[in-house]
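Q: Chains as they are written, first to last, in the numbering used here: chain A, 1 to 258; chain B, 1 to 260.
Treat the hints as calculated values from the structure; they're not laboratory data.
Hints are supplied without guarantee of correctness; some may be wrong.
[To be verified] Chain A is faced by these chain B residues, among others (derived, beta-carbon under 8 Å):
(1) LEU22
(2) ALA25
(3) PHE33
(4) LEU35
(5) GLN53
(6) ALA69
(7) PRO70
(8) VAL103
(9) ARG133
(10) THR134
(11) ALA145
(12) GLU157
(13) SER168
(14) VAL184
(15) GLU188
(16) ILE196
[What the hints assert, rightly or not] Calculated cross-link-like contacts (lysine-lysine; reagent style PhoX-like; alpha-carbon spacing at most 25 Å):
(17) LYS147/A with LYS159/A
(18) LYS54/A with LYS27/A
(19) LYS223/B with LYS198/A
(20) LYS147/A with LYS215/B
(21) LYS223/B with LYS64/A
(22) LYS223/B with LYS27/A
(23) LYS24/B with LYS256/A
(24) LYS215/B with LYS64/A
In this text the structure is predicted, and so the values were computed from the model without any measurement.
No residue lacks a Cβ here, since even glycine has one placed at the ideal position from N, Cα and C.
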Amino acid sequence: MAGGTIWKGIIHFGETHVPVKLHAAIKEERIQFHLLHQRDGLKLQQMMICAHEKIAVPSEAQVKGFEVEEGKYIIVDAAELEQIVPESSRLLEIHEFVPSAQIDPLFLDHVYTLEPDATLDPGGYTALVAALQELGVAGICTWAMRKRSYHGALQACGKALRLTTLRYADEVIAVAALELGEIPLSERELQIGSDLIKQMAAPFQPQKFVNEHQQKLQQLLEQKARGEKVRILRPRLLPPTTADQLLERLEASLKKAV
Amino acid sequence: MALQGIWSGTIGFSLVAIPVRLVKAVAPGRVAFRLLHNTDYSPLTRRMFCPGQEELVPPEEIIRGFEIAPDHYLPITAEELASVSPERSRTIEIVEFIDLEEVDPIYFDHPYYLVPLKGGEKAYRLLAEVMHRTGKAGLAKFVLAEREYLVTIKSTEGALALVTLHYSAEILPDNDIVPREGTVAAGEKRRMEQSIRQLRADFKPEKYADQRREKVLELLKGKMGNATVTAPAVTEAESEGPPDLVAALEEIMTEMKQQR
């Protein structure tokens, strides 16, 4: 079952209007931990402590400051920030359509599934799914919901429309910042490396993978709850493959894979 | 720009082992504010308080607990947590290579970069180059901050990027909200395709700016100069305390949670 409706809006470009409802596309389950005091096992409470007076400061005595230089702040109150709210609108405006393949996964943020707003939509949804699929494009769009403005990509997948929020260009760190050096590789190393990848190629079948760690963690917790002792295991560290071992290791890998 | 490491370990690519460091690939562009005390404008620091002892608890006395019944916690040590999947917490073992085009983008979660550590530079370079040549990306599993991720390692401009993937069990079925059989109105579709063609462009993410951020900065600019306050001086040792591992870990976990 899909989750509840998060927002209702109208996709718009040219003469087209398609009313839709947003739903969460992902649901994550994970084991939650709390922070305890080692001495008495009690659950700890978070407190904000004044660095000067060393006392706990309740939320009504907290203000937001923007640090202009060390120790100097501009105080901004909640009412001022409240004014920076985009105009309320139902429009999800598409500005342009780009080839889907051009959107690097590094830009993709949060994904929603769209439901046609059946009471208002005579069939625009299915026509838009078909059109986007045939042209292999994604609609780059902006909209405002929950007092925030967003920009995202509207894409078709199967019979569904999906909306993914996009990161802003300056939020993605450029590869140049990694300061990687250029290292020469021999044709033979590249050839064997490529052969090895082809040997290990497989279709993407996500169903094959389950979160085994979560299951093992659950077992460990049950074991501990029964009062059993837990065996401590330590990771084994692999020695790095150095530059002069690389070719020999690649050849051995390829032999192993055959 | 010095990129802070989040994790370090090894990429296992068959018999080749590449020592690497995991670093951020994205930095949220939000304008960061500090919480201050409204009387003396001193910055606030987050501390944990024990309601039983009625005192602040230093990081070395903080452990994690799993709630087995209301208000009953099973304490668990960092060592015990680390021994759940010891190998995967140190090694990103590539099990197969896939075509990224086959991956439904709904699976992509959070991106990182991998940077080679000393001695691993050549093997790193080779993996990036051969993945680029073959158009393939690695698929692996690894454990970070007590959580196991299915990840893809892809080549991007000579670097290795690691993108965490959702498990298929985390993807909500959409058959109850998406039209099942809908016949496509051919005329409607043709009309839409015409509009789409007129709006065709290349993906240029730099064309879009975060309007909220711009407005917040504008607001700050307007207040600059006349409205600053100064916090009382506090010696570094008092304000910061020892490096806090639990807090650092928590930060990673919250950060990851915020991506959802």
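Q: Now tell me if each hint is right for this structure.
A: Here is what the structure says about each hint:
no. : hint                   : result
1   : LEU22                  : violated (12 Å)
2   : ALA25                  : holds (6 Å)
3   : PHE33                  : holds (4 Å)
4   : LEU35                  : holds (5 Å)
5   : GLN53                  : holds (7 Å)
6   : ALA69                  : violated (10 Å)
7   : PRO70                  : violated (11 Å)
8   : VAL103                 : holds (5 Å)
9   : ARG133                 : holds (6 Å)
10  : THR134                 : holds (5 Å)
11  : ALA145                 : violated (11 Å)
12  : GLU157                 : holds (4 Å)
13  : SER168                 : holds (4 Å)
14  : VAL184                 : holds (5 Å)
15  : GLU188                 : holds (4 Å)
16  : ILE196                 : holds (5 Å)
17  : LYS147/A with LYS159/A : violated (30 Å)
18  : LYS54/A with LYS27/A   : violated (40 Å)
19  : LYS223/B with LYS198/A : violated (60 Å)
20  : LYS147/A with LYS215/B : holds (14 Å)
21  : LYS223/B with LYS64/A  : holds (14 Å)
22  : LYS223/B with LYS27/A  : violated (42 Å)
23  : LYS24/B with LYS256/A  : violated (34 Å)
24  : LYS215/B with LYS64/A  : holds (16 Å)
When held up to the earlier numbered hints, the structure conflicts with 1, 6, 7, 11, 17, 18, 19, 22 and 23 and fits the remainder.
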